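Student: Chains F and L are the protein sequences, given in the same order. Note that this note's numbering has the first sequence beginning at 1, numbered continuously upward. Note that this note's numbering has the second sequence beginning at 1, numbered continuously upward.
Bear in mind the hints are in silico, worked out from the structure with no lab data behind them. Any given hint could turn out to be false.
[Unchecked claim] Distance condition first, Cα-Cα at most 25 Å in a straight line; then the derived SDA-like pairs of lysine to any residue:
id, chain 1, residue 1, chain 2, residue 2
1, L, LYS28, F, GLY91
2, F, LYS39, L, ASN58
3, F, LYS39, L, PHE82
4, L, LYS86, F, LYS97
5, L, LYS86, F, VAL92
6, L, LYS88, F, GLN93
7, F, LYS39, L, ILE50
8, F, LYS39, L, THR57
9, L, LYS28, F, THR98
10, F, LYS97, L, ARG35
11, L, LYS28, F, ALA4
12, L, LYS86, F, VAL22
13, L, LYS88, F, HIS81
14, L, LYS88, F, VAL22
15, F, LYS39, F, GLY23
[Unchecked claim] Quick look at which bits of chain F chain L covers, simulated, 3 or more residues with Cβ under 8 Å:
id, stretch
16, 24-37
17, 98-104
What you are looking at is a predicted structure, and each value in this text was computed from that prediction instead of being measured. We put the CB at the ideal spot given by N, CA and C, even for glycine.
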Amino acid sequence: MTDALIIGFSSLGTLFIFLAAVGVLRMPDLYLRISVTTKAATLGISLVLIAVAIYFDDLSITTRVSAIVVFMFLTAPVGAHMLGRASYFAGVQLWVKTRHDDLKGKYTPNHHLHSKEEVDRDEEEALK
Amino acid sequence: MSVHNYLYFIILPVLMLSVLIIFTRFLKGPRLSDRIVSFDLLITTGVGIIAVYSIITNQPPFLDIALIMALIGFLGTVAFAFYIEKTKKK
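Between the sequences and the hints, there should be enough to build the whole structure, so can you do that?
Tutor: So this is what it looks like as structure tokens:
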């Protein structure tokens, strides 16, 4: 029974990691690649680590494993968001077939922390 | 088929194949951002390989190294994102 659980969880996790690898190679765009990395790989790692926790069946190891899983679940979206944001402001192009871009026209290249209206207002105040 | 044989002959080769596929993207990646994404995925897959290896060798201390590796991967991604944002390098 335990063996079947270990084999099942590790197989599922490895399948997800493999799909993430294929996705990162085949996706046409940086942002789609980030999307694949942050979802599929996190799920796959969590399943493999659950298999490890079932195999050792020890409280200290289960605690360690859940620490890693919680850490991955917390950091993967943060890192992906920071990277996507920085790449967007650095001018990485979207895929040609992208339907719409929510951030288009809302930011200016040099004042990327503010919206365009705020930048215009700041410049008007500076002129006064 | 025992768990050890299954992990050694099926799971580890598939993970190694994933690492090779990700590494081709790391070499091809047209921009710096693509390379950082694949680097992050390489580190994540490395955590998985270490976890499987700790089952095969029956050595739980490997999991500590997996935790540290996940931490370093996150710090590397954040540092590279900061670098891209400051230098506006694609």
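Student: Okay, which hints does this one fail, numbers in order?
Tutor: Result: hints 2, 4, 8, 11, 12, 14, 17 break, sorted rising.
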